[in-house]
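Place chain B on chain A using the hints.
Number of protein chains: 2
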Amino acid sequence: MKLQNLNEVPSQDVTMEGSSGCQVKWLVGQPEGAPNFAMRQFEVAPGGFTPKHSHPYEHEVYVQEGQGVVIDGDQERPLGPGDVVYVAPNDIHQFRNAGPTPLKFLCIVPHVPKDTPVTLVPECEAVGK
Amino acid sequence: MKLQNLNEVPSQDVTMEGSSGCQVKWLVGQPEGAPNFAMRQFEVAPGGFTPKHSHPYEHEVYVQEGQGVVIDGDQERPLGPGDVVYVAPNDIHQFRNAGPTPLKFLCIVPHVPKDTPVTLVPECEAVGK
Chain A
0 MKLQNLNEVP
10 SQDVTMEGSS
20 GCQVKWLVGQ
30 PEGAPNFAMR
40 QFEVAPGGFT
50 PKHSHPYEHE
60 VYVQEGQGVV
70 IDGDQERPLG
80 PGDVVYVAPN
90 DIHQFRNAGP
100 TPLKFLCIVP
110 HVPKDTPVTL
120 VPECEAVGK
Chain B
0 MKLQNLNEVP
10 SQDVTMEGSS
20 GCQVKWLVGQ
30 PEGAPNFAMR
40 QFEVAPGGFT
50 PKHSHPYEHE
60 VYVQEGQGVV
70 IDGDQERPLG
80 PGDVVYVAPN
90 DIHQFRNAGP
100 TPLKFLCIVP
110 HVPKDTPVTL
120 VPECEAVGK
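Chains as they are written, first to last, in numbering that gives the first Met the number 0: chain A, 0 to 128; chain B, 0 to 128.
For reference, chain A alone in the conformation it holds in the complex (with noise of 0.2 Å):
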């Protein structure tokens, strides 16, 4: 068993193409040898949103802190704390800040391998202009 504070977890900063003012914390993953899937955090800064992209595998999401809109495909859903969201494999998705505080959400996502085919919507760098 392996017990933490996400404040004892250090942040780091998301690079992804198509990200802006995105860290992450990895609270739980391989590193603890976890067999199956990852738990991260992720911060959004305002104005801020992760890449609107496409994948494989899934994510459930639960917001923590924050107002925001999650893309879902061409739709614009808002999004606050005590929302849950499940993005099944191969949903268009984008998580945005659209209020003036941090916003936090917890992803779960299942140990992905190298090399699985991410793609980015071309439109995602206009999106968050």
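Some hints here could point you the wrong way.
Copies of one chain are not kept apart here, so a pair can be met inside one copy or by any two copies together.
Claimed, not checked - Below, in silico cross-link-like pairs of lysine to any residue (SDA-like), each with a Cα-Cα straight-line distance of 20 Å or less: (1) Lys113 to Glu31; (2) Lys1 to Pro99; (3) Lys113 to Glu64; (4) Lys1 to Gly72; (5) Lys113 to Ser10; (6) Lys113 to Pro45; (7) Lys1 to Cys106; (8) Lys1 to His54; (9) Lys1 to Gln74; (10) Lys24 to Pro80; (11) Lys103 to Pro88; (12) Lys113 to Ala97; (13) Lys113 to Pro34; (14) Lys1 to Asn89; (15) Lys113 to Pro99; (16) Lys1 to Pro77; (17) Lys113 to Asp73; (18) Lys24 to Gln74; (19) Lys24 to Val13; (20) Lys103 to Gly20; (21) Lys1 to Val108; (22) Lys103 to Glu75; (23) Lys113 to Pro88; (24) Lys1 to Gly32; (25) Lys1 to Tyr85; (26) Lys103 to Pro45.
Since the hints were derived computationally from the structure, they do not count as laboratory data.
In this text, all values refer to a predicted model and were calculated from it rather than measured experimentally.
Leaving out everything else, chain B in the frame of chain A:
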């Protein structure tokens, strides 16, 4: 994509042997088509506890509210908001509310085949009394 708020998800009583005062909300799981793992929220009433047990699959836990302890084998470790617990396969574990308000945590679990063995630790019923 499925988006819903925690408040819209019905609570179910946890009837598992060795538990007391626990409710669960299934936030994402097989009904949503999730291929690998399920997200649940547990709410443990003051004085309540989950079973003291072990099983051959993992938990990834995020504590949202309240004060509790997690039993880690023979050890009792305090638990509060922002704590992250990785329960490895076959770890003996129990979550207990040690405070005056509900203990709420997310618990993510792989989809577990029926008839997966769960070993209840005999003294579990005495622990919470």
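Status of each hint after checking the structure:
1. Taking the closest pair of Cα atoms, Lys113 and Glu31 come within 20 Å of each other only inside a single copy of the chain (19 Å); across copies the shortest separation is 26 Å, beyond that limit.
2. Proximity of Lys1 and Pro99 under a CA criterion of 20 Å is satisfied in neither setting, with 34 Å inside one chain copy and 25 Å between copies.
3. In this homomeric assembly, Lys113 and Glu64 never come within 20 Å of each other (Cα to Cα): the closest approach is 31 Å inside a single copy and 36 Å across copies.
4. Within a single copy, Lys1 and Gly72 get their C-alpha atoms only as close as 37 Å, which misses the 20 Å cut-off; across copies the closest is 12 Å, which meets it.
5. Taking CA atoms no more than 20 Å apart as the test, Lys113 paired with Ser10 passes in neither setting, with 22 Å inside one copy and 38 Å between copies.
6. Taking identical chains as interchangeable, the C-alpha atoms of Lys113 and Pro45 are never at most 20 Å apart, the minima being 31 Å within one chain and 45 Å between chains.
7. When the C-alpha separation of Lys1 and Cys106 is checked against a cutoff of 20 Å, the pair qualifies both within a copy, at 19 Å, and between copies, at 14 Å.
8. With identical chains, the CA atoms of Lys1 and His54 are at most 20 Å apart between copies only, with a shortest distance of 16 Å across copies and 30 Å within one.
9. In the homo-oligomer, the alpha carbons of Lys1 and Gln74 lie at most 20 Å apart only across protomers (12 Å), although the nearest pairing inside one protomer, at 39 Å, exceeds that limit.
10. In this assembly of identical chains, Lys24 and Pro80 lie within 20 Å of each other by CA distance both inside one copy and across copies; the values are 19 Å within and 16 Å between.
11. Proximity of Lys103 to Pro88 under the C-alpha cut-off of 20 Å is found in neither arrangement, the shortest distances being 22 Å within a copy and 29 Å between copies.
12. For a Cα distance limit of 20 Å, the shortest separation of Lys113 from Ala97 qualifies neither inside one copy, at 32 Å, nor across copies, at 43 Å.
13. For the identical chains of this complex, Lys113 and Pro34 are neighbours both inside a copy (16 Å) and across copies (19 Å), given an alpha-carbon limit of 20 Å.
14. For the identical chains of this complex, Lys1 and Asn89 are inter-copy neighbours only, at 13 Å across copies versus 32 Å inside a copy, given an alpha-carbon limit of 20 Å.
15. For a Cα distance limit of 20 Å, the shortest separation of Lys113 from Pro99 qualifies neither inside one copy, at 36 Å, nor across copies, at 46 Å.
16. Proximity of Lys1 to Pro77 under the C-alpha cut-off of 20 Å is restricted to the inter-copy arrangement: shortest distance 13 Å between copies versus 34 Å within a copy.
17. In the homo-oligomer, the alpha carbons of Lys113 and Asp73 never lie at most 20 Å apart, since the shortest distance is 28 Å inside one protomer and 39 Å across protomers.
18. For the identical chains of this complex, Lys24 and Gln74 are neighbours neither inside a copy (28 Å) nor across copies (27 Å), given an alpha-carbon limit of 20 Å.
19. Within a single copy, Lys24 and Val13 get their C-alpha atoms as close as 10 Å, which meets the 20 Å cut-off; across copies the closest is 31 Å, which misses it.
20. For a Cα distance limit of 20 Å, the shortest separation of Lys103 from Gly20 inside one copy, 12 Å, qualifies, whereas the shortest one across copies, 30 Å, does not.
21. Proximity of Lys1 to Val108 under the C-alpha cut-off of 20 Å is found in both arrangements, the shortest distances being 19 Å within a copy and 16 Å between copies.
22. When the C-alpha separation of Lys103 and Glu75 is checked against a cutoff of 20 Å, the pair qualifies only within one copy, where the shortest distance is 18 Å, while the shortest distance between copies is 30 Å.
23. With identical chains, the CA atoms of Lys113 and Pro88 are at most 20 Å apart within one copy only, with a shortest distance of 16 Å there and 25 Å across copies.
24. In this assembly of identical chains, the alpha carbons of Lys1 and Gly32 lie at most 20 Å apart only when taken from the same copy (10 Å versus 29 Å across copies).
25. Proximity of Lys1 and Tyr85 under a CA criterion of 20 Å is satisfied inter-copy only: 5 Å between copies versus 26 Å inside one chain copy.
26. In this assembly of identical chains, the alpha carbons of Lys103 and Pro45 lie at most 20 Å apart only when taken from the same copy (11 Å versus 28 Å across copies).
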